[in-house]
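**Student:** Residue-level listing of the chains:
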Amino acid sequence: MSEFLEATFDKFIFRVKEEYLYHPDELWVDIQESYATVGLTDFLQKTKGDIIFLETIGLGTIIKQGEEIGKIETIKAVETLISPVSGKVVEINPEMEENPYIINEDPYKAGWIYRIEPANLESDKAVLLNAAEYFELMKQKVSREAKKLYG
Amino acid sequence: MELNVLSNRKVGIVSCSGEGIPEGTVCRLACRKVLGELKAHKTVTICLPLFIAGGEEERTFAKTFPTVTVDGCEKLCAAKATEMLSGKPAKSLVVSEILKKRGIAVPGKLRNFGDEEETAVNAVAEETAKAVDEVLGKG
Amino acid sequence: MDKKQKKVVVLPCSGIGKTFGSVARETAHELVESVRPGVTVLTCLPLLVINDPDARQLVTENPVITIDGCPKDCAKKSVESVGKKDFHTCRVVTFYSAHKDLKPEGVAPLNDAGLKLAKISAEELAATVDDLLKEEN
Chain U
1 MSEFLEATFD
11 KFIFRVKEEY
21 LYHPDELWVD
31 IQESYATVGL
41 TDFLQKTKGD
51 IIFLETIGLG
61 TIIKQGEEIG
71 KIETIKAVET
81 LISPVSGKVV
91 EINPEMEENP
101 YIINEDPYKA
111 GWIYRIEPAN
121 LESDKAVLLN
131 AAEYFELMKQ
141 KVSREAKKLY
151 G
Chain A
1 MELNVLSNRK
11 VGIVSCSGEG
21 IPEGTVCRLA
31 CRKVLGELKA
41 HKTVTICLPL
51 FIAGGEEERT
61 FAKTFPTVTV
71 DGCEKLCAAK
81 ATEMLSGKPA
91 KSLVVSEILK
101 KRGIAVPGKL
111 RNFGDEEETA
121 VNAVAEETAK
131 AVDEVLGKG
Chain D
1 MDKKQKKVVV
11 LPCSGIGKTF
21 GSVARETAHE
31 LVESVRPGVT
41 VLTCLPLLVI
51 NDPDARQLVT
61 ENPVITIDGC
71 PKDCAKKSVE
81 SVGKKDFHTC
91 RVVTFYSAHK
101 DLKPEGVAPL
111 NDAGLKLAKI
121 SAEELAATVD
131 DLLKEEN
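Protein chains in written order, with the working numbering: chain U, 1 to 151; chain A, 1 to 139; chain D, 1 to 137.
In case anyone wonders, no lab produced these hints; they're calculated from the structure.
Even for Gly, the Cβ is constructed at its ideal location relative to N, Cα and C.
Keep in mind that the hints are not guaranteed to be accurate.
Unchecked claim - A few chain U residues that don't get close to chain D, going by computed Cβ distances all over 10 angstroms:
hint : residue
1    : E3
2    : K46
3    : G49
4    : K71
5    : K88
6    : P94
7    : E95
8    : A132
To be verified - Partial selection, computed: residues in chain U whose CB lies under 7 angstroms from chain D:
hint : residue
9    : D50
10   : I52
11   : Y101
As the list claims (entries may be wrong) - Heads up, simulated SDA-like pairs for lysine to any residue below, C-alpha to C-alpha not over 25 angstroms straight-line:
hint : chain 1 : residue 1 : chain 2 : residue 2
12   : A       : K75       : D       : E61
13   : D       : K134      : D       : D86
14   : D       : K119      : A       : G108
15   : U       : K48       : A       : G36
Same shape as in the complex, but just chain U (with noise of 0.2 angstroms):
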């Protein structure tokens, strides 16, 4: 049974994995015991193109849902990051400082951006979305993409 929704597009197929939640502005969330894991969405990292740079916060910040938790720059633009959780930042992907683009390789699992001691995880839920509910969101986004590329 695969672990991901996909929907194609072209030669694009965009996968969203099943166990994850999802903030509407594209990142996701990983609940484990003690911490929450962070990354992009498959969608983002593709339609946004190669990362070249990664600018995070630092670790001990303390951190709101829906405010700014660091900017991707890939040759098409510059793009601030959103945090899907509210909480204190207790790790950063130590990958990331020279190899940004493995977000771009492997988004769901070796491209994990930050661990977060979540604060208000059970409000946060609120405004996330489960992999089916975050599936149906990204197809209206790669069919707006679409419209806009071919009218």
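Got chain U sorted already, so can you dock chains A and D onto it with the hints?
**Tutor:** Below, chains A and D alone, put in the same frame as chain U:
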């Protein structure tokens, strides 16, 4: 679960790399012209190097949808690699043959094309666009 | 018997889907045509995969520089696929990181900034060519 968001049938365009020969540059420019202007809504870029190196999306597309390969020379890298890795292309064009048929001289340089060289590019782009229509017309 | 003078084989990815692929191609051409003519040679990545004997021999018997446009490293992988292990690899993004004022756009054709970036990248690779030739000849 797989869902086609846009299910319009499209054609994958596979250009050769064509290093070091003017026909390679013609091939590349012509294919981009087809992809970006002439048949923008009906074609998809298949990056040959990525296709060769194992690009999942390129190979899956080429297995599912028809491809038109455009090669700079008789070595037919794009056509052969496509057939080897995904399936026989629906149409296989060769720049040198197109130019010969149209009586257009092969450009004398590899880069910095001007109006003279654009004639060759346009001829190949037109033939490629025609090939796309023929492939899609076959249903 | 004279030992045949080696040349450095330059292999760009020439990816057609991304602007960095075009920069890789342009860098390779600039290096071979202008910066180090006569001691470098181009070959096509797909020729290795379709088992062209001349291309395979060229790559296996000479020093190689691969120039990749993106982290997919297609040129590097193609050279590795013919069994070559020891060769120089680079990515366009490394050159771009040092020259961010030159933002490449377009694929074919490439914009002026992309052409300038390619020129600078080729000049920076000249030292690598010289080192590889020193080791070989």
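**Student:** Taking the hints in turn, state whether each one holds.
**Tutor:** Here is what the structure says about each hint:
1. E3: Correct as stated: the minimum Cβ-Cβ distance to chain D is 23 angstroms, above 10 angstroms.
2. K46: Non-interface label stands for U/K46: nearest chain D Cβ at 12 angstroms, farther than 10 angstroms.
3. G49: 7 angstroms, violated
4. K71: 14 angstroms, holds
5. K88: Holds, since 31 angstroms exceeds 10 angstroms.
6. P94: 18 angstroms, holds
7. E95: 12 angstroms, holds
8. A132: 31 angstroms, holds
9. D50: Status holds, d = 5 angstroms.
10. I52: 6 angstroms, holds
11. Y101: 4 angstroms, holds
12. A/K75 <-> D/E61: 21 angstroms, holds
13. D/K134 <-> D/D86: With a Cα-Cα distance of about 15 angstroms, the restraint between D/K134 and D/D86 holds, given a limit of 25 angstroms.
14. D/K119 <-> A/G108: Distance of about 21 angstroms is within 25 angstroms: holds.
15. U/K48 <-> A/G36: 19 angstroms, holds
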